[in-house]
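Participant: One line per chain: the protein sequences are A and B, in this order.
The number in this note's numbering is simply the position in the first sequence, starting from 1, with 70 added.
The number in this note's numbering is simply the position in the second sequence, starting from 1, with 2 added.
Hints may contain errors.
To be verified - To spell it out: a stretch of chain A is covered by chain B in this simulated footprint if at least three of its residues, at any positions, have a beta carbon under 8 Å from a beta carbon of chain B; those stretches are: (1) 103-115; (2) 130-142; (3) 147-155; (4) 203-209; (5) 220-231.
Note that these hints are calculated values from the structure, not bench results.
Virtual Cβ for every residue (Gly too), placed ideally from N, Cα, C.
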Amino acid sequence: MTAVLQLGSAVEHGGGRAEAVGDFAEFVRISMPGLLRYGHALTGNPHDSADLVQAVLEKVGSRWVAVQRKGDDPLAYVRRAMANTHISIWRRRRRENLVADIPDSGAVAPELSRLENEPLWQALRSLPPRQRAVVVLRYYENLSEAEIAHALGISCGTVKSQSSKAMASLRTRLGED
Amino acid sequence: MGDLDDDLRRLFSDDRLDVHSAPVSTEDVLRGAERRRRRRTAVAGTFALVTLVGAGIGLSRLGVPSPDSTVGALLTTSTSAPTTSTPPPPVSTVISTETVTLGQPPNSTGGNTGKPNPGGTSRPNSTPSSSPPTPESQAGRYGTLALGMSEADALATGSLVEPSSPADPDGRCKAYATKSVPDADAVIVSPAKGIVRITMPSYAKTPKNVGAGSSVSDVKAAYKNSTQSGSSVLAPMSATPPWTYVFETDGATVTAVFMRLNANDCASV
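Next up, chain A with everything else stripped away, as it sits in the complex (with noise of 0.2 Å):
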């Protein structure tokens, strides 16, 4: 008799699944364009966007119920956790292999290279991940100070100190080319 109740509720629960899948699914449909592009403004390179993109909406669509629960803007929520997985695979990347740069993608797309040869782009490309998302945070996706430091999870603080080493070591770079 337990079983029969328990079942029900399991069956219920299943259907509810069933609806959260198709809904994370449509999700996944609507936003995947603008978190490729994103994932290559914080990435440097549409491979690396891919990867990212796919790992994160991975991680979050088998929590799918969670994050809707929490009543966050969803797609705010996977941006942010695209930051900061790329900020960790970068540093684990380092790690591992502390003198290599992280080489250029062999061949490019046409349009992809007028873009790679864009000096503010490879000026971009050279600053470490966590500066590079402080700047893709602010320009990209127009967010405040605060708004970057909740994102990633440092203090005002420090996403002033990355911004500003950022800007300059952009016009550094600028400079230079």
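We have chain A; now place chain B onto it with these hints.
Facilitator: Coordinates of chain B only, in the frame set by chain A:
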């Protein structure tokens, strides 16, 4: 200064950022998410299974007097351990988990159960008073408690809420609330006859699917041999010991149901 700001804004709004050489398919993402979720719930499910089995063992020790009392405890005490210790894991894990746990008690059909399920519950119970398989002869028990059960045995089930209060003017019989029925006189125990009254929770139905909220005509249709007694409807059961369903009504609708031992010797029952 201003130039760099503008340049950055211009760069980030550049169409070329839209160029994706490696598209991500929605299906891949969904598959990956499902994979992660399964991996996580496999861990959570194992934990839930361990907790449930642990709780089951605990309960069966608690209900030593009758082997099927664990099931009763699961049914009647809605706040008991198994309910609270089950996180809401996803379908597949829940099913397997529940099956394992509930398979343990030797006799999983309570005489009376908490929710309507006529098919599953009208089977007679293999209590000491083994009786012919007609619903009217069902054993007088609800969950872990049975009519005629001694006070000590009843207390050992853990379903009674102490302290008791006197149930009759001379303080001979005792009244207890139960974990599923908060009324002070949900269960009344006679020193000579044991439990003489068990009140069913308001959500519970008899095996014939009537309970609080049912209409009087439904009760009479379900129990052909029932009789009206004041505002109550009495449906006698021929089990050993014999007992009676007492449906208290407001004239049209059942307001409360209790099981009463016919041979009761408490003035207030």
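Participant: Look at each hint and say if it fits the structure.
Facilitator: Now the hints, each set against the structure:
1. Coverage of a stretch by a chain is defined here by at least three residues with a beta carbon nearer than 8 Å to that chain's beta carbons; for the stretch 103-115 of chain A and chain B the count is 5, and the condition holds.
2. Under the rule that three or more residues need a Cβ within less than 8 Å of chain B, the assignment of the stretch 130-142 of chain A holds, with 5 such residues.
3. Counting residues of the stretch 147-155 of chain A whose beta carbon lies closer than 8 Å to any beta carbon of chain B gives 0, which falls below the threshold of three, so the coverage claim is violated.
4. Counting residues of the stretch 203-209 of chain A whose CB lies closer than 8 Å to any CB of chain B gives 3, which reaches the minimum of 3, so the coverage claim holds.
5. Proximity of the stretch 220-231 of chain A to chain B, defined as three or more residues with a beta carbon under 8 Å from a beta carbon of that chain, is not established by the 0 residues found.
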